[in-house]
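Chemist: Order-wise, the sequence lines are chains A and B. Mapping of the first sequence onto the working numbering: position 272 corresponds to residue 272, and the numbering continues sequentially without gaps. Mapping of the second sequence onto the working numbering: position 144 corresponds to residue 144, and the numbering continues sequentially without gaps.
Any given hint could turn out to be false.
To be verified - Pairs of lysine-lysine residues, derived as BS3-like cross-links and limited to a Cα-Cα distance of at most 30 Å, are as follows:
{"hint": "1", "chain 1": "B", "residue 1": "Lys-100", "chain 2": "B", "residue 2": "Lys-218"}
{"hint": "2", "chain 1": "A", "residue 1": "Lys-58", "chain 2": "A", "residue 2": "Lys-21"}
{"hint": "3", "chain 1": "B", "residue 1": "Lys-253", "chain 2": "B", "residue 2": "Lys-39"}
{"hint": "4", "chain 1": "B", "residue 1": "Lys-253", "chain 2": "A", "residue 2": "Lys-161"}
{"hint": "5", "chain 1": "B", "residue 1": "Lys-198", "chain 2": "B", "residue 2": "Lys-218"}
{"hint": "6", "chain 1": "B", "residue 1": "Lys-321", "chain 2": "B", "residue 2": "Lys-218"}
{"hint": "7", "chain 1": "B", "residue 1": "Lys-39", "chain 2": "A", "residue 2": "Lys-161"}
{"hint": "8", "chain 1": "A", "residue 1": "Lys-390", "chain 2": "A", "residue 2": "Lys-294"}
{"hint": "9", "chain 1": "B", "residue 1": "Lys-253", "chain 2": "B", "residue 2": "Lys-303"}
{"hint": "10", "chain 1": "A", "residue 1": "Lys-161", "chain 2": "B", "residue 2": "Lys-198"}
{"hint": "11", "chain 1": "B", "residue 1": "Lys-253", "chain 2": "B", "residue 2": "Lys-218"}
{"hint": "12", "chain 1": "A", "residue 1": "Lys-161", "chain 2": "B", "residue 2": "Lys-321"}
{"hint": "13", "chain 1": "B", "residue 1": "Lys-180", "chain 2": "B", "residue 2": "Lys-100"}
{"hint": "14", "chain 1": "A", "residue 1": "Lys-24", "chain 2": "B", "residue 2": "Lys-321"}
{"hint": "15", "chain 1": "A", "residue 1": "Lys-161", "chain 2": "A", "residue 2": "Lys-24"}
Stated by the list, open to error - Derived CB-CB ranges, DEER-like:
{"hint": "16", "chain 1": "A", "residue 1": "His-380", "chain 2": "B", "residue 2": "Arg-322", "range": "45 to 53 Å"}
{"hint": "17", "chain 1": "A", "residue 1": "His-143", "chain 2": "B", "residue 2": "Arg-322", "range": "20 to 28 Å"}
{"hint": "18", "chain 1": "B", "residue 1": "Gln-226", "chain 2": "A", "residue 2": "Pro-207", "range": "25 to 33 Å"}
{"hint": "19", "chain 1": "A", "residue 1": "Glu-26", "chain 2": "B", "residue 2": "Lys-253", "range": "27 to 35 Å"}
{"hint": "20", "chain 1": "A", "residue 1": "Gly-156", "chain 2": "B", "residue 2": "Lys-253", "range": "49 to 57 Å"}
{"hint": "21", "chain 1": "B", "residue 1": "Asp-283", "chain 2": "A", "residue 2": "Asp-263", "range": "35 to 43 Å"}
{"hint": "22", "chain 1": "A", "residue 1": "Gly-156", "chain 2": "B", "residue 2": "Gln-226", "range": "21 to 29 Å"}
{"hint": "23", "chain 1": "B", "residue 1": "Asp-221", "chain 2": "A", "residue 2": "Gly-318", "range": "51 to 59 Å"}
{"hint": "24", "chain 1": "B", "residue 1": "Asp-92", "chain 2": "A", "residue 2": "Gly-33", "range": "43 to 51 Å"}
{"hint": "25", "chain 1": "A", "residue 1": "Gly-64", "chain 2": "B", "residue 2": "Gln-226", "range": "38 to 46 Å"}
{"hint": "26", "chain 1": "A", "residue 1": "Ala-386", "chain 2": "B", "residue 2": "Asp-221", "range": "43 to 51 Å"}
{"hint": "27", "chain 1": "A", "residue 1": "Gly-64", "chain 2": "B", "residue 2": "Ala-318", "range": "34 to 42 Å"}
Keep in mind that the hints were calculated from the coordinates and are not lab data. In this text, a Cβ means the ideal position worked out from N, Cα and C, and glycines have one as well.
If you want the building blocks of each chain, they are given just below.
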Amino acid sequence: MATRVVMEALSPTMEEGRLVKWLKQEGDAVDAGDVLAEVETDKAVMELPARGDGVLRKVLVPAGSTVPVGQLVAVIAAAAEDISALLREPGTGKGEGAALPPPPKTAVPAPRSQQPSAAVALPPAAAGRVRASPLARRIAREHGVDLTVVRGSGPGGRIIKRDLERAPAGPAAPAVAVPSAGYEDVPLTQIRKTIARRLAESLGPVPHFFLTVEIDMERAWDAREALNALGEEPQITFNDIIVKVVAQALQQHRECNAWWQGDFIRYFRDVHIGMAVAVDQGLITPVIRHANHKSLRQIALETRDLSQRARQRRLTPGEYTGGTFSVSNLGMLGIQQFTAVINPPEAGIVAVGAITPQPVADHGTVTIRRRMRLTMSCDHRVIDGATGAKFLQTVQRMLENPLAMAW
Amino acid sequence: MPLITYRDALNQALREEMERDPSVFLMGEEVGVYQGAYKVSRGLLEAFGERRVVDTPIAELGFTGIGVGAAMVGLRPVIEFMTWNFALLAIDEVINSAAKLLYMSGGQIPIPIVFRGPGGAALQLGAQHSQAFESFYAHVPGLKVVAPATPHDAKGLLKTSIRDDNPVVFLEGEMLYNTKGEVPEGEYTIPLGQADVKREGDDVTIICHSKTVAPALKAADQLAEQLQLSAEVVDLRTIRPLDVATVLASVRKTNRCVIVEEGWPFCGVGAQVVHEIQHAAFDDLDAPIERVTGADVPMPYNKHLERATKPGPEHVIAAVKRVAYLD
Chain A
1 MATRVVMEAL SPTMEEGRLV KWLKQEGDAV DAGDVLAEVE TDKAVMELPA
51 RGDGVLRKVL VPAGSTVPVG QLVAVIAAAA EDISALLREP GTGKGEGAAL
101 PPPPKTAVPA PRSQQPSAAV ALPPAAAGRV RASPLARRIA REHGVDLTVV
151 RGSGPGGRII KRDLERAPAG PAAPAVAVPS AGYEDVPLTQ IRKTIARRLA
201 ESLGPVPHFF LTVEIDMERA WDAREALNAL GEEPQITFND IIVKVVAQAL
251 QQHRECNAWW QGDFIRYFRD VHIGMAVAVD QGLITPVIRH ANHKSLRQIA
301 LETRDLSQRA RQRRLTPGEY TGGTFSVSNL GMLGIQQFTA VINPPEAGIV
351 AVGAITPQPV ADHGTVTIRR RMRLTMSCDH RVIDGATGAK FLQTVQRMLE
401 NPLAMAW
Chain B
1 MPLITYRDAL NQALREEMER DPSVFLMGEE VGVYQGAYKV SRGLLEAFGE
51 RRVVDTPIAE LGFTGIGVGA AMVGLRPVIE FMTWNFALLA IDEVINSAAK
101 LLYMSGGQIP IPIVFRGPGG AALQLGAQHS QAFESFYAHV PGLKVVAPAT
151 PHDAKGLLKT SIRDDNPVVF LEGEMLYNTK GEVPEGEYTI PLGQADVKRE
201 GDDVTIICHS KTVAPALKAA DQLAEQLQLS AEVVDLRTIR PLDVATVLAS
251 VRKTNRCVIV EEGWPFCGVG AQVVHEIQHA AFDDLDAPIE RVTGADVPMP
301 YNKHLERATK PGPEHVIAAV KRVAYLD
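Isolated chain A, as found in the complex (with noise of 0.2 Å):
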């Protein structure tokens, strides 16, 4: 019987995903459980797998285009099996998905009727069960972890006792001697289970090093406080100006600006900044595209537009992915020095710390200037030490002589 494959709720609150990569063709024997394809959801790229045996007869959707949940993407059957009455199926043409059929019985996993238990409640509106072990959800159950931010590595994601011995427990301790009002538990909200999904994904798989310079910010602070002067909206910040040049560093450093695949690495021509930014209860990093082509002005109003609407939870996911490289700057806060963590796929990201003034020796004597600390956190699988130290020469120069931005 044939099986059909379509767009799966791979986060509880996705509602569309953008077909990545297929990573079986026409023509390929599939068996249930198989990766077909990665998707990337409102969250995080995902793998699509197979409900079903036999070969990929038919792939609907190519590879980069975006489809509503519940839409038919490819069709798997037996090699010889009429498969004709499928693919008249509204909703399988291109471009359309406003009427779509409703997701079939047999090809998604029916939503959770019952519960497990209070302690390991779904969202309601998860929509895609999670697939887990007996074993694993009693851990899960014991140790207050929230299954839906670990990824399982058993067959079709199957979530198994070694996928949470490396899990990021929940806020759920397990029950010590603690005097019953000692402490609060508090659910986990969708956007802090993202975080620590996305985190974990980071800092266990991605190999990070670290690169820190310390900038001398004098003229980039008195070509700032010049610029300002004018008077002129909307004023120029740090930040805007730090993204401005990572941006043209970038470009000119292409192996800084890519994206880690697994088995290539995509460079990209253009910069998409990243740009950490603190909500309620936890971050998200929405996206500055082409800052390399931008100007100080431009970057600064988006950058006013995107936080204020990230602040407001308005952002679209649109806005908040495909990001190249990114910045986190926790300077306003009077931190020094600080690592950030990848946001994967990317390869890197800069920590900036406060402007300070220090004593620097200069020519035999000691003088005080305004100095800032920047430091690189590298996927060493893209970046090598010599690569991103480079790069962060050229941030260093075009900080300490801001006319070069223009260059």
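Chain A is fixed; fit chain B onto it per the hints.
Modeler: Same frame as chain A, now just chain B:
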């Protein structure tokens, strides 16, 4: 400890029990003058005489019925089947008489009888003579079913079976008779319904009995050597009553389980064990339980096909890899 064969261990058990209790007698085809088709009863006719070691005609239903009748009036018969394939002719007496009489007499008539002989496949004996019947008999309330794998277990379990007041189906193995193992000198018995951990391990439980214990242990050795996987091998020894506690304790430790048996898969012994595990240790399972069985076909006569039909270490290893998510 003396190293003796499985056949001699059984012989010792028979001899000791016949010496101990004058109501024990042995009956079957060729058990006396010929000293048993597989020489299990060697020397017994000489030692106990023809009233206690009785040669019968080739008439399984008849002599099995005589055995059940003898048990009804207080003797302790041991009925030898030349193989369990021939015992199909007598299955009415085993199931309809032996297994039922205690119940149907309101507890007045116990049937302390042992039915014994080789079960399962040997080598190229064809479809009708290569069958493992554990699950047939284990299906029936009123019967106990024992299937020892080693000389030590064979002796201790046969002695207990003879002393048991219920009918016991005791399945030996033609290919096991010549295997040797350590058997303590002197009196010992092994309780029915007690499995034995033949090898301790932490990563996966392999459950087996009778002839499949050897391939399970071999697989465990290879798993340790090649994959650094530590397998625990649990020999059920008694199929009914089943030692669920030992099985569960092992699965709770390893979280994964492979069940091996010589018989066919459908409604096999392993199917029942799977049920017990999923029922009582559901939350301890990290993977679906796998079963390794004889192929679901009549046994082929062709040597190569026969080998492919029987469960071997390679099948066990493949199943362990599946439950350990290593394939």
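Chemist: Hint by hint, note whether the structure agrees.
Modeler: Tested hints:
{"no.": "1", "hint": "B/Lys-100 <-> B/Lys-218", "verdict": "violated, 40 Å"}
{"no.": "2", "hint": "A/Lys-58 <-> A/Lys-21", "verdict": "holds, 15 Å"}
{"no.": "3", "hint": "B/Lys-253 <-> B/Lys-39", "verdict": "violated, 42 Å"}
{"no.": "4", "hint": "B/Lys-253 <-> A/Lys-161", "verdict": "holds, 13 Å"}
{"no.": "5", "hint": "B/Lys-198 <-> B/Lys-218", "verdict": "holds, 12 Å"}
{"no.": "6", "hint": "B/Lys-321 <-> B/Lys-218", "verdict": "holds, 15 Å"}
{"no.": "7", "hint": "B/Lys-39 <-> A/Lys-161", "verdict": "violated, 51 Å"}
{"no.": "8", "hint": "A/Lys-390 <-> A/Lys-294", "verdict": "holds, 23 Å"}
{"no.": "9", "hint": "B/Lys-253 <-> B/Lys-303", "verdict": "violated, 39 Å"}
{"no.": "10", "hint": "A/Lys-161 <-> B/Lys-198", "verdict": "holds, 26 Å"}
{"no.": "11", "hint": "B/Lys-253 <-> B/Lys-218", "verdict": "holds, 21 Å"}
{"no.": "12", "hint": "A/Lys-161 <-> B/Lys-321", "verdict": "holds, 15 Å"}
{"no.": "13", "hint": "B/Lys-180 <-> B/Lys-100", "verdict": "violated, 37 Å"}
{"no.": "14", "hint": "A/Lys-24 <-> B/Lys-321", "verdict": "holds, 25 Å"}
{"no.": "15", "hint": "A/Lys-161 <-> A/Lys-24", "verdict": "holds, 28 Å"}
{"no.": "16", "hint": "A/His-380 <-> B/Arg-322: 45 to 53 Å", "verdict": "violated, 35 Å"}
{"no.": "17", "hint": "A/His-143 <-> B/Arg-322: 20 to 28 Å", "verdict": "holds, 27 Å"}
{"no.": "18", "hint": "B/Gln-226 <-> A/Pro-207: 25 to 33 Å", "verdict": "holds, 29 Å"}
{"no.": "19", "hint": "A/Glu-26 <-> B/Lys-253: 27 to 35 Å", "verdict": "violated, 47 Å"}
{"no.": "20", "hint": "A/Gly-156 <-> B/Lys-253: 49 to 57 Å", "verdict": "violated, 26 Å"}
{"no.": "21", "hint": "B/Asp-283 <-> A/Asp-263: 35 to 43 Å", "verdict": "holds, 38 Å"}
{"no.": "22", "hint": "A/Gly-156 <-> B/Gln-226: 21 to 29 Å", "verdict": "holds, 27 Å"}
{"no.": "23", "hint": "B/Asp-221 <-> A/Gly-318: 51 to 59 Å", "verdict": "holds, 57 Å"}
{"no.": "24", "hint": "B/Asp-92 <-> A/Gly-33: 43 to 51 Å", "verdict": "holds, 48 Å"}
{"no.": "25", "hint": "A/Gly-64 <-> B/Gln-226: 38 to 46 Å", "verdict": "holds, 44 Å"}
{"no.": "26", "hint": "A/Ala-386 <-> B/Asp-221: 43 to 51 Å", "verdict": "holds, 50 Å"}
{"no.": "27", "hint": "A/Gly-64 <-> B/Ala-318: 34 to 42 Å", "verdict": "holds, 40 Å"}
Comparing the model with each numbered hint stated earlier shows that hints 1, 3, 7, 9, 13, 16, 19 and 20 do not hold.
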